[in-house]
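Going down the list, the protein sequences come from chains A and B.
Quick note: the first sequence, position 393, residue 393 per my numbering, numbers continuous.
Quick note: the second sequence, position 310, residue 310 per my numbering, numbers continuous.
Just so you know, the hints here were simulated from the structure itself, not pulled from any lab data.
Yeah, the Cβ is synthetic: ideal placement off N, Cα and C, and Gly gets one too.
Take the hints with a grain of salt, since some may be wrong.
One-sided excerpt, in silico: chain B residues whose CB lies under 7 angstroms from chain A [said to hold, decoys possible]:
| id | residue |
| --- | --- |
| 1 | T166 |
| 2 | K168 |
| 3 | L333 |
| 4 | K357 |
| 5 | S359 |
| 6 | F360 |
| 7 | H378 |
| 8 | K386 |
| 9 | H389 |
| 10 | G390 |
There are 2 protein chains.
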Amino acid sequence: MEGEPTLRLRIFNLNCWAIRYLSKRRQQRVRLIGDTLCQEGFDLVLLQEVWSEQDYSELKAKLAGSYPFSHYFRSGVIGSGLCVFSRFPILDTLLYQYSLNGYPYMLQHGDWFCGKSVGLVVMKISGIIFNVYVTHLHAEYCRDKDAYLPHRLVQAWELAQFIRHTSKAADVVLLGGDLNMHPEDVGIRLLRGWTGLQDAFAEAMRFEGCKNGCTLVPDNCFTDKSELLPFPLGIRIDYILYKAISSFTVKCEELKTTTGRAPGTDIPFSDHEAVMATLHIQRQGQPAGATLGTPDPALADVVAEARAEVGAGLRAARQQRYSSGRMAVLALLLLLLQAAAALATLAGLGAEQPFPKLSFCLLAFLALGVLILATGLHLFHTMEVKMLHGTEDQMWMMLRALQERPSEG
Amino acid sequence: MEGEPTLRLRIFNLNCWAIRYLSKRRQQRVRLIGDTLCQEGFDLVLLQEVWSEQDYSELKAKLAGSYPFSHYFRSGVIGSGLCVFSRFPILDTLLYQYSLNGYPYMLQHGDWFCGKSVGLVVMKISGIIFNVYVTHLHAEYCRDKDAYLPHRLVQAWELAQFIRHTSKAADVVLLGGDLNMHPEDVGIRLLRGWTGLQDAFAEAMRFEGCKNGCTLVPDNCFTDKSELLPFPLGIRIDYILYKAISSFTVKCEELKTTTGRAPGTDIPFSDHEAVMATLHIQRQGQPAGATLGTPDPALADVVAEARAEVGAGLRAARQQRYSSGRMAVLALLLLLLQAAAALATLAGLGAEQPFPKLSFCLLAFLALGVLILATGLHLFHTMEVKMLHGTEDQMWMMLRALQERPSEG
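Bound-form chain A, shown alone:
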């Protein structure tokens, strides 16, 4: 290979778990992450869960020497938590916020408030155009009965569509992030199948780190041990994926993960392990047409499987829309009834007031509260139905296209 023009790119990906007031030893860990990044001198750093802009600013100040270019993606109430640091200039950026991302009333899960998104930065390194995507999908709180699966599948679908539509002029596509999906999950298969992205862990010539490339491991002192009970080795949910689009090849020379603690210290960077890849990018003699237009023949099955899950989510969302609508109507009826009773009393029609004043007022306020909440819920679930339905439709369109021209893609 020597003598041929080859680009070697070192990438660092980490879900930083930097939630203000909630994450343990946050400031110490953010300092540690900054110090390590300074020492190690990666080319590209993709971070998730940097929720506080102050943490980002501190990292930016510290990394200004070794990573002069950076971008923080803002969205949602708290922020997207996504940021990128780079040794090379960032030419352009774009943020796509997923249309579904959990429920605002699930306060204990909080995903809705984060405005989960995918961020794109475009870079040109040694004349090669890179589209680098960083993302964080909705968390999985209960694997057996995962209420958020339809939302995560919509996100995986939108991620794949966003990558496909925005990467057409790129030579190399990189995706890093916490996808909150195991490697064999339908969402990952959909994403990989539909975009053609390759998994750095599966392709790596050398691997060093947690067994099976896991990124949420019991050895990490910050992980919730009870969640990992069914997976004694841990789970792999953080990824670096890549593909070469035009006349380039990408090879993963080495993949590393941290192993429950940051190198040379006794605390971890985060509750997730960092994923570090060394990629070799090489120009080919002729365009690698083969990597482009031939989708996996099993892709139709994957899309059908994903579509069935989205369909189940759609039925549940319709049910919730109906229930909340019915509740709103009942509350409205109660309010109208009370208004009629009050008017009747005022007009002197009733002999005496049927209820004590206080209870009457309390009931009215309760009905009003229920009306407002139920209406809000109804609107929210209406949006949810629209988005699930839209995704189901798009998947169906894709299935039809796959069946009509299986080889063309």
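Given chain A's structure and the hints, the job is docking chain B onto it.
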């Protein structure tokens, strides 16, 4: 030109004003639109404000013969209102929902509930790849004191960015829609300058229709005459824009608008006029590099102007975030005070109850209501600040890039 392979494409664009229960003579007009589209046989139909999926289904059934391919974009509570009918197969679609779109509490304006978006459909006609965008931006309710200008500018910016990032493999880009901006407005100049799109009205070799290409005219019986008082000829806010990306040229042979009523009838299609363009698309000998990478030198000024407006919106949003946060804190304090008073009374500390029970309860409910509403508002304005700030940042990045490499683009 004869003998050379030329594609002639006829495009129809209309804001249909089809709001269930609210728009006058909606069903009659939707039938009329369907009949006209059947007779006229356009190649591509871009519609906005088709809010009811039932109207879309009726149109789809009626147009199945002449426009066998169609797509309806779902988003928001009510829907995006956007749909496309086509004589040619739709290969792929993508929806991008704008991150800002008015305020949910401005019920009388209702834009927030529509989930304003841009829809993309990809088509291949005679071997030419078309990226067709259809969109509808936030309405302008008061031109002198336009509270929604920052939001509309964020939308124009996101629209431009979305088109730039997704159209890199396209040969021809078409955009149709109700942009709710006059031709000289900063948002239009930003959109056109940053994407290189050309205005079919300005480029048309032949024009027929309302003076100055206006699409909201006093002659239309459904328009609000008082709104058009400062503009006796009407205003132009509906557009067909286009550009050729690679080795193609696009020319607008003819542009037409309706003139206050549908052809051959006495009622209009909508409160907007339809815009109909005939485009000539021709393959060139060599790539038209010149149309790609040379942005207008005045673009930096336009971006600076837009950024100043977004900055003004950001300051207003920060002020509203602060006010709503303060209101929430005050309501919380009142609730805590009441709780303390109630506990003191229960514990027998106070000699007697300081307030009548009913007023005390009413006050508590009021405080709770204010707390919930103010918290909701605070969250909303926090998101607004994030998005305005993010857009301001991106515009700044672009300005820097324009200044650093003015000729490269």
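Consistency of the hints with the structure:
no.: 1; hint: T166; result: holds (4 angstroms)
no.: 2; hint: K168; result: holds (3 angstroms)
no.: 3; hint: L333; result: violated (20 angstroms)
no.: 4; hint: K357; result: holds (6 angstroms)
no.: 5; hint: S359; result: violated (10 angstroms)
no.: 6; hint: F360; result: violated (10 angstroms)
no.: 7; hint: H378; result: violated (9 angstroms)
no.: 8; hint: K386; result: holds (4 angstroms)
no.: 9; hint: H389; result: holds (6 angstroms)
no.: 10; hint: G390; result: holds (4 angstroms)
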